[in-house]
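Turn these sequences into a full structure, and let the hints steer you where they fit.
2 protein chains.
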Amino acid sequence: MSLLVLGSIALDTIKTPFEEHAEILGGAASYAAVSASFFTTPYLVGIVGDDFPKEHIALFKERNIDLAGLQVVPGKTFRWSGEYHYDMNNRDTRSTDLNVFEHFTPTLPEAYRKTDFVLLGNIAPDLQIHVLDQLEAPRFIVADTMNLWINIARPRLMDLLGRIDMLLLNDSEAREITGETSLIKAGRCLREMGPAYVAIKKGEHGCLLFGDGEFFSCPAFPLEDIHDPTGAGDAFAGGLAGYLAKRDGSKETKVEFKHLCQAVVYGSVMASFSVEAFSVDRLRTVTPEQIQERFETFQHLSAF
Amino acid sequence: MSLLVLGSIALDTIKTPFEEHAEILGGAASYAAVSASFFTTPYLVGIVGDDFPKEHIALFKERNIDLAGLQVVPGKTFRWSGEYHYDMNNRDTRSTDLNVFEHFTPTLPEAYRKTDFVLLGNIAPDLQIHVLDQLEAPRFIVADTMNLWINIARPRLMDLLGRIDMLLLNDSEAREITGETSLIKAGRCLREMGPAYVAIKKGEHGCLLFGDGEFFSCPAFPLEDIHDPTGAGDAFAGGLAGYLAKRDGSKETKVEFKHLCQAVVYGSVMASFSVEAFSVDRLRTVTPEQIQERFETFQHLSAF
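Protein chains in written order, with numbering that gives the first Met the number 0: chain A, 0 to 303; chain B, 0 to 303.
Worth flagging that the hints you see were computed from the coordinates, not collected in a lab. Errors might be hidden in some of the hints.
Identical chains blur together in the list; that is why a pair holds if it fits in one copy or across any two.
As the list claims (entries may be wrong) - Quick list of in silico lysine to aspartate or glutamate cross-link-like pairs, EDC-like style, CA-CA up to 16 Å: (1) Lys201 / Asp170; (2) Lys184 / Asp224; (3) Lys184 / Asp86; (4) Lys184 / Glu223; (5) Lys113 / Glu135; (6) Lys253 / Asp115; (7) Lys14 / Asp86; (8) Lys75 / Asp96; (9) Lys184 / Glu213; (10) Lys184 / Asp170.
And the structure:
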């Protein structure tokens, strides 16, 4: 089944305590689409400037990502620069230059409007809603968000929550939206705001999935060395939504909680590969066999 | 099989954002012994003053805890007072009065020296070693520790690590001892210091267990309301060690990694009951059926 992936496409400059890389492929939609491409054909909705390197376009094509929804316009591509602290869990943004992304208001290609599955990557809720408004009958909508939107666009974020099936966010964001320190309470509270399913990402501590009277705790993959955490959440979202689109063989197949548990694990698998290298360097070279092998490793991690 | 439980026995005064209780039964050995008593007959090694309420002695007896190793001496019982922050994850110690505990150097009853399983609760490494020195042929030694000993008794703590089979500690302590921010690296590093097995407790994020090329991630039980986190780690240790002693039917049975995974889950089950009330109030009233039910719930939490 089809999966629309909306989000930013950026050129990132990233410094960790051990390495620095400039102007590498980044952005929520880049990570999510490459991740999802191992499960389905993502329809990429994004914008870049005419300075966007052709090799990145080639990479998207190599991963069979549909680019009818990718606008290439005069001007500069969105740029982001950040520096990670010693623990690799926290980072400071050094600069954000929206450039062509600033006035991005996509009009979807006709084929995209009929998409069944939707991943609204982490961008302004206004833009997420603008895209939702163009869809004919989406069957399962996943949205990612972040603390910036909680702070500057809370009413629109609340509108969005009423229209999606599943919300992805990290633990500090879950606490911030709900005002609850307990993540268990926060998960329940977020479901009351709209989405039937909520996944709270906890980085090195894994992920919690909340459904209607249902709960799943997904462990984190035990990685000793993390090279670049950038995009881990987007790779997670892409793997999750991509798997849901893949397993959905017919229009009648309802998405059930057990499928979402598996999707969360596939998302965690893709995130664990993503952080093993900068940009999408590890993600793009992973094999379906390696993905399946790590999925099975996850089954052992918490078996007793 | 027999289980020796060493640790403090205290009268605690505890304030949470919601409740305050004064002079209630506390101390690592109290929580651990009551928790372990659902699996085996713990040999309690501790000290109290002549002000120690008879009702607490009665409680220990009610739980079939062997008290031959409990010294009752003239003077006041160890007192601790603490206050939890709003998030219930952090606390400030308001006062610590060691009283009779200050000069505690136990001489074990003859029967205790032949114990097979040992739980060295969180007290000074010197005292933990003093007890180990009196044992004839312990088969599996579990020790708990805390940041205080890392700071003021590191050399003795290192001596201890070379003599135990399993170390229990929390995530911040694991990072502090090893200097590693990654818990995965910290787990490996701690094993290199001596113990074949290391369990890193992460509170609301569950627990990680490290063995020789083996790894287990135990989820946390999804509790919405935590009444008092005091003693959760000790209840965990007691459940873990108690289960190991219980399942060990013969002298030949080797403790294997899969048994430790189950032990970690039973420990987590007991910790989850412990925090549902102040002191050992919930622990003492739990039933074997409720323990087994929650153990089975843990199996569902991370199944996909």
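Okay, the hints, checked on the actual structure:
no., hint, verdict
1, Lys201 / Asp170, "both (6 Å within a copy, 15 Å between copies)"
2, Lys184 / Asp224, "between (32 Å within a copy, 8 Å between copies)"
3, Lys184 / Asp86, "between (28 Å within a copy, 12 Å between copies)"
4, Lys184 / Glu223, "between (31 Å within a copy, 6 Å between copies)"
5, Lys113 / Glu135, "within (6 Å within a copy, 74 Å between copies)"
6, Lys253 / Asp115, "within (12 Å within a copy, 54 Å between copies)"
7, Lys14 / Asp86, "within (13 Å within a copy, 33 Å between copies)"
8, Lys75 / Asp96, "within (9 Å within a copy, 66 Å between copies)"
9, Lys184 / Glu213, "within (13 Å within a copy, 33 Å between copies)"
10, Lys184 / Asp170, "within (12 Å within a copy, 23 Å between copies)"
Of the numbered hints given earlier, the model fails none.
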